[in-house]
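Chains A and B supply the protein sequences, listed in that same order.
Numbering-wise, the first sequence is residues 8 to 413 according to my numbering.
Numbering-wise, the second sequence is residues 118 to 193 according to my numbering.
No false leads were slipped in.
Taking lysine-lysine pairs in the DSSO-like style, the calculated list, with each CA pair at most 30 Å apart, reads: (1) B:Lys156 x B:Lys132; (2) A:Lys24 x A:Lys85; (3) A:Lys58 x A:Lys77; (4) B:Lys157 x A:Lys168; (5) B:Lys132 x A:Lys303; (6) A:Lys124 x A:Lys85; (7) A:Lys85 x A:Lys58; (8) A:Lys138 x B:Lys168; (9) A:Lys380 x A:Lys361; (10) B:Lys168 x A:Lys168; (11) A:Lys46 x A:Lys85; (12) A:Lys361 x A:Lys379; (13) B:Lys156 x A:Lys168; (14) A:Lys343 x A:Lys361; (15) B:Lys168 x B:Lys157.
It should be emphasised that the hints constitute simulated quantities derived from the structure, not laboratory data.
Computed from a prediction, not measured in an experiment: that's the story for all the values here.
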Amino acid sequence: MNEQKIFSVSELNAYIKALLDGEPLLSGLYIRGEISNYKAHSSGHHYMTLKDENGVLRAVMFRSDAYRLKFRPENGMKVLAHGRVAVFARDGQYQLYIDELIPDGVGALYVAFEQLKAQLSAEGLFAPEHKRAIPRYPARIAVVTSPTGAAIRDMLRILGKRYPLARVRIYPVRVQGPEAPAEICEGIAFVNHYRLADVLIVGRGGGSIEDLWAFNDERVAHAIYRSEIPVISAVGHEPDVTISDFVADLRAATPSNAAELAVPDRVELLARLHASEAQMLQAERHRLEAGRQHVKALAEKRVLQSPLNYIQDRRMLFEHVRERLISAAGRAVSEKKEKFVRLTAFLDAMSPLKVLSRGYSVAMRENGQIVKKADELEAGERLNIRFSQGGALCRVEETRPDRRAT
Amino acid sequence: MTFEQALSRLDEIVKQLERGDVPLEVSLQLFEEGTQLVKKCSSALDRAEQKVTILQKGENGEVTEQIFQGGGEDAV
Chain A
8 MNEQKIFSVS ELNAYIKALL DGEPLLSGLY IRGEISNYKA HSSGHHYMTL
58 KDENGVLRAV MFRSDAYRLK FRPENGMKVL AHGRVAVFAR DGQYQLYIDE
108 LIPDGVGALY VAFEQLKAQL SAEGLFAPEH KRAIPRYPAR IAVVTSPTGA
158 AIRDMLRILG KRYPLARVRI YPVRVQGPEA PAEICEGIAF VNHYRLADVL
208 IVGRGGGSIE DLWAFNDERV AHAIYRSEIP VISAVGHEPD VTISDFVADL
258 RAATPSNAAE LAVPDRVELL ARLHASEAQM LQAERHRLEA GRQHVKALAE
308 KRVLQSPLNY IQDRRMLFEH VRERLISAAG RAVSEKKEKF VRLTAFLDAM
358 SPLKVLSRGY SVAMRENGQI VKKADELEAG ERLNIRFSQG GALCRVEETR
408 PDRRAT
Chain B
118 MTFEQALSRL DEIVKQLERG DVPLEVSLQL FEEGTQLVKK CSSALDRAEQ
168 KVTILQKGEN GEVTEQIFQG GGEDAV
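Build out the structure end to end from the sequences listed, making use of the hints.
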């Protein structure tokens, strides 16, 4: 029998552990596999095995790394796991300690996309009531995108052709890769903070779903939601659709489409201006023509046509009325005059003096009472008789009353 | 007056003139104002040159703005 060292279990495990720990490759690597036996512990740690057709690998993701997960791991999901491989001595197993887990392959990405979409929709980020209207005539436009590439070139060309009045500001960002979401958020926040634009375009040119992935990032979604400046999202080409497209106030199918949506077309505006001018001209023409007609109609009225005739007519009428007035007045006066003369004559005839001058006399008793009846007198009574001229004091010899019954 | 305000005033004037409910001298004044606005807006659209700038972050984090070279109108 050879002299062979006899190892204890712990010693062997430690040996293997040291072996693995000393291997630089195993200190940080990417592994591709499919999740199975997945369990999310109440502790916050995630346990799973990664497998492919030929084997399995135990894996764990501690809570300190798992909180960054942007999707819910599920059995059957194909993933890329980054981490280190080390021995867990207690179990006599080596396992992968995952620090980063990302969906691998298009299918997995779509699942992550659908999960986030459902989550943000439930949070209300896509609510139509929250969407702002894009201003019709923006004076300033901000674009958060890559400063190189076809997307920005196309946008600037179309903006310049349609509506050069709008000032364009570019906030350059990376549009793919792990730093992209943070930079995009920063761009949106900066433009908002300094109120640099009336409308904001966020986007990039076409690419694979992985290329566009930054625009599915939850942070970007929230930044767009919080933006007080209306946001047009312009990510990729049809039929690419990203979370940003759902949150934005308006979705453009492509970056070029975003430029069309953001501004009016100057050709159309010029046509509208000329149409307005024509409308004003026509309205004024009508107005002036109507005015002219009115003046013409007035001019044709008789009073303006031959004013002298008109005045003459009026004068004749005036004279006619005057004469009637005068003769009426004259008649009235002479009538009154006649009446006056008659009355005067009548009065005159009634005057006592006139009566006396006709031969009548007035007899008065001594007390002044005028005698009207003979039987008022007594024989021997003294009477004053008044004649037209002078009078006499008389004594009654005899009274002679009338025999007629009174 | 911004471009947008000018357009909106022009619309107002056209409506008023078409309604015809202002006195003749006022309508002539409005017509004059309207024609001036059309001139101003048309020339703004014809003569405007697109202005594009790019924001750059310096090492200290301060942001500067420069004229954007490249990526502009394609040479025709």
